[in-house]
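Got chain A; can you put chain B on it based on the hints?
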Amino acid sequence: MLAVSVAAYSAGVLFLLVMGLFYFLVLYQYNDSLRNDAPTAMYFQVFWVPVLFVVPLLTMKSLAEERRHGTLEAMLTTPASTLEIVLAKFFAAYFFYIGLWALTLVFPLIAMNYLAPHTPDSPLRDTASMTGGFLFVCISGLLYVALGILASSLTRNTLVAGMLSFSILLILTIGGNVLLHFNWQDTPFFNHFHAVVDYLQPFQHLQDFNRGVLDTRPFFLYASNTILVLGLTTLAVEARATH
Amino acid sequence: MPEVLASPTPSPASPAAVATPSLEAVALCKSYGTVRAIENLNFTVKRGEVVGFLGPNGAGKSTTMRIFSGLLAATSGRAYVSGIPVAKYPDEAKRHLGYMPEHNPLPEDMRVCEYLDLRARLKEVPRKKIKPRIEEVMEMCGLQHKTRRKLIGTLSKGFRQRVGIADAILAEPEVILMDEPTIGLDPHQILSIRRLIDSLRGRLTVLISSHILAEIEMCCDRVMIINQGRLVAVGTSASLRRELLSRTEWRVRLKGEVPAFEQILPEVHAALRLASCSAPDDEGFVEIRLEGPAQETGLGEILLQALARHNRWRVREIALVEPGLEEIFLAATKQGDDTLAPATRQK
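In order, the protein sequences belong to chains A and B.
Note that my numbering has the first sequence beginning at 1, numbered continuously upward.
Note that my numbering has the second sequence beginning at 1, numbered continuously upward.
So that you can see chain A by itself, here it is in the shape it has in the complex (with noise of 0.2 Å):
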């Protein structure tokens, strides 16, 4: 539906336009105050604002819309089953999200192009932290997509869903990077999560990442935690389904 619906088509504008504006400013900043990090690995830092925007906005209709209008019963009366239904939303939304970031990895192509085209060192030619930003985006997004489509199998009301969404990845990316913030590092009951919340912290792998650092651990991080999200989201929409 995504790839034929109008409304998709005017969210992908709009969203390379907004993502233009961030990396025209990022190359202002850099311009300005010349930084250590490449300038798509500062474009890259931005990563939270369309998570926690455009995923919600993707998803919140998913699940619920179909519950409310009652399009998700008539697909649970065909052969394919609830897991199945669960997928084909999961990787729709999802393969629509990854598609609008490739359509930015334009911009620091023009850059690389228009504004360096005969400097072979300059900092807007660094394809590694691009590489690197654009996988921790297709990583992280498998579980922000999943958690969305989570979002939207709990309720009938898309705005609550959208809601919801919007809050839980809220708290899974800047919550612990706010939690770090506060002062009570040093309390005793903090100290045993302190390794558990920097393990979460997206900001963590996107570094990483950036650096071209290929570690294990957040890929079976976020591919685990999907897993783990689309079957909860089955169960709900077959708990809710069925009874």
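No lab work stands behind these hints: they were computed from the structure.
Here the structure is a predicted model, which means the values were calculated and not measured.
Just so it is clear, CB atoms sit at the ideal spot from N, CA and C, and this is done for glycine as well.
Some clues are possibly wrong.
[Stated by the list, open to error] Which residues of chain B face chain A? A partial, calculated answer using Cβ under 8 Å:
| # | residue |
| --- | --- |
| 1 | Cys29 |
| 2 | Leu71 |
| 3 | Lys88 |
| 4 | Pro101 |
| 5 | His103 |
| 6 | Leu106 |
| 7 | Glu124 |
| 8 | Glu327 |
For chain B alone, coordinates are given in the frame of chain A:
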């Protein structure tokens, strides 16, 4: 391996396939907390039958259909679709079933042909057959030409129902379940849906739930009446009429003295009595309603002979009033299970 698949699957025309009922409920129960939606439901629907499933609102029609379609789990008992236990092999049972839910939910922002294409793929119609099959069902349901490219959200209620029926028959299932297919339609639309259902007769087994009695009487070979979750009557309209109604009624239009007419009634039958009499019309004719014992449908001829013998009245009409399904329905749903004649229970 599923028990139904352990033996060779009978071809649709084989005697084994014909012998297997399309739908079978065995001691089916469903409770929502302490509320019993259906209780000990037992019935079978044979291949090719068009059966009406009647009941007042909240009687358990939709619950029963949802159990057969695999959407709801029964609290106890078994439901079979083409001999396949739905609870044990829901996916296999769904391959034999087309279901049109109540209110026929459809995606508003898809075109008719896109929606049918999606449904065909979900229903595992072989890829090569999808296009010709969609064309075929669209022709059957009157959805060709302009309608095929229209957004479903812009269709009238009648056309939306046609899309629902097209979807139900798309994968050529053995059984189709329609939950209130004509709800909210105008008489023209009801007629076209009825014609559509008629065109399926003999090819598919159809179970239609409704509380519109005239529609069921015209469409269906057989009627099942459910009340408060229990099956209270099963049979053809004629057999139910005989078994459930305790009297027969005649309509007589005549001109002359009514008290004198009433006096000759015992000559016809001891139990025949005058139930009502209208005021005379412009020509002086009155309409009299007579009530007699059940199954005495030949009294009309005897009455005619008696009137001729006395020759005191001008008679314009003597007609047996055929009670409609409405009276049968009211009689069946009024009576408790215990007071029903054993013959009316599931045979």
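Right, here's what the structure says about each hint:
Given the 8 Å rule on beta carbons, the hint for Cys29 (chain B) is violated: about 15 Å separates it from the nearest Cβ of chain A. Proximity of Leu71 (chain B) to chain A holds as hinted, the smallest CB-CB distance being about 6 Å (cut-off 8 Å). Below 8 Å, beta-carbon pairs count as interface contacts, and Lys88 (chain B) has none with chain A, the closest being about 14 Å; its hint is therefore violated. Proximity of Pro101 (chain B) to chain A holds as hinted, the smallest CB-CB distance being about 6 Å (cut-off 8 Å).
Taken as an interface hint, His103 (chain B) checks out: its beta carbon lies about 7 Å from the nearest beta carbon of chain A, inside 8 Å. With 8 Å as the threshold, the beta carbon of Leu106 (chain B) comes within range of chain A, its nearest partner Cβ sitting at about 7 Å, so the hint holds. Residue-level restraint check for Glu124 (chain B) holds (minimum Cβ-Cβ distance to chain A is 6 Å; threshold 8 Å). About 34 Å separates the beta-carbon of Glu327 (chain B) from the nearest beta-carbon of chain A, more than 8 Å, and the hint is not met.
The structure shown violates the earlier hints numbered 1, 3, 8.
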